[in-house]
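With chain A fixed as given, assemble chain B onto it according to the hints.
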Amino acid sequence: MQRIRAWFEDFGNMIFFAGEALAWMFRPPFRPELVIIQMAAIGVGSTFIITTTGFFTGVVLALQTNYAMHQLGAEGYVGGTVAVGLARELGPVLTALFLVGRSGSAISTELGTMRVTEQIDAMETMAVSPVQYLVVPRLLAALAMFPLLTMLFNFVGYLGAYIIGIVVAEIPAGPFIEHTRTLLEPKDIMHGLFKAVIFGGVVALVTCWRGFAATGGAKGVGEGTTRAVVTSSIAILVVDTAFVLITVGSGK
Amino acid sequence: MIRVVDLWKSFGTHDVLKGISIDVPTGTTYVILGGSGSGKTVLMKHVIGLLKPDRGTVLVGDVDIPKLEGKELTEARRMFGMVFQQSALFDSMTVFENVAFPLRERKRGIPAAELKERVIEKLRVVDLSESVLPLYPSELSGGMKKRVALARALIHDPQVVLYDEPTTGLDPITTDYVDDMIVQAKQKLGVTSMVISHDIASSFKVADRLGVLYDGQLAAQGTPEEVRRSDHPHVKKFLALWFEKQ
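Line order of the protein sequences matches chains A and B.
Note that the first sequence covers residues 1 to 252 in our numbering.
Note that the second sequence covers residues 1 to 246 in our numbering.
Excised from the complex, chain A in its bound form (with noise of 0.2 Å):
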């Protein structure tokens, strides 16, 4: 029951937590020369992770992809289903449990680290709101970054998915990117990247709360850590399954 209450007392404090980092996002001093450093460590450093993982994501569905439709008779549809897949699931869901393993894990650190160290408590009594200036800019950059990286995986996934199409499979690259054109529209790759966001704004907040209530000294950090990993990745496939209920229902 105590266990339950701790939770419920948890989760409070992390929605009024979001709350004020939201209320922070409009008020000034606006610094946008932090929001840049933020989207350098989250989006250009995570390039390298997300290309590597794209390309075979997209190497593996295309693999199996064409394993069943090669049953079907329907290989040059191998193109199309990928690039739909990608788009609509695939890439907005493992882009951000990528960045949550990478870049995630590394706010929760950092922060948890400021906060046993007093960082966070000495910004607080040199009248600047922590919350603004470590939780904004964060949050600001998870934004922006979160959508940009997801389609440098989709497209890379689905260059992955070419190669095997083309050259492994031997599927003309007519019909590979026809049935692209006919199955891939506007509104699949806006539903992802849609998400894009969403998992962007829910991964910065968890994680860096998680870093803002670390408690204790390294062991504090590290459990501090390990939750925002864990309560980021149930997260976000938390909102994709509520994601793809509402949009399945109503056709979008």
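Calculated directly from the structure, the hints in this document are not laboratory data.
Backbone N, C-alpha and C fix where the C-beta goes; we use that ideal spot for every residue, glycine too.
Fair warning: there could be bad hints in the mix.
[What the hints assert, rightly or not] Here are the simulated distance ranges between beta carbons:
1. Met-93/B <-> Arg-102/A: 19 to 25 Å
2. Phe-16/A <-> Ser-92/B: 22 to 28 Å
3. Trp-24/A <-> Asp-15/B: 33 to 39 Å
[As the list claims (entries may be wrong)] Computed footprint of chain B on chain A; a stretch qualifies when at least three of its residues, placed anywhere within it, have a C-beta under 8 Å from a C-beta of chain B:
4. 114-121
5. 126-132
The following block gives chain B in isolation, referenced to the frame of chain A:
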């Protein structure tokens, strides 16, 4: 300058502060001496408005700190500089960026030359030269970190400087140096200081007045000599640990 008036605070059923009253005149140093868990940090957090009392108040100048919220509290905090136990320097910033931080945030758009001049001026107050400006906190010794932390606390010319366990974890020579630094900051800049400490030797060296906190109450307060002569059993026991060694 600082008046703590009948301050009460409890967390759950645990009474941490039970009617504390302190008066710190302008330009003097007051030390709150006490063991672990005596409520020293809680008391200091009330002074800077990080905690609200259950009863009583804290007046800094004419400002009633517990009554302030949001922007007013933020403004009021500009009267303070604070030196933390672990120095709390921003480890992703250089010494220059650390010391400049409070000023840069308060006076956005301050010319770079003026900012650098102010930083160097404050580093000189704590006996540090320009050569430390590009260094990161991880490249500094414990004593240097404390000095940079004090320079950062002084950069915006605060009226009050708060020190949280300034000598904890330092070797005797560095401790002595930090004590001198606190005395010099008072003498050179005329700031009002409040120090929380469990270090008896340091406390008696830097304090104009001191109070011994025990079980949420001030067991004794006055000049160092008055406190030393206190008849309170806990104070006698606490001080005997150190004075008997001398």
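Hints, one by one, checked against the model:
no.	hint	in the structure
1	Met-93/B <-> Arg-102/A: 19 to 25 Å	24 Å, holds
2	Phe-16/A <-> Ser-92/B: 22 to 28 Å	27 Å, holds
3	Trp-24/A <-> Asp-15/B: 33 to 39 Å	35 Å, holds
4	114-121	holds (count 5)
5	126-132	holds (count 4)
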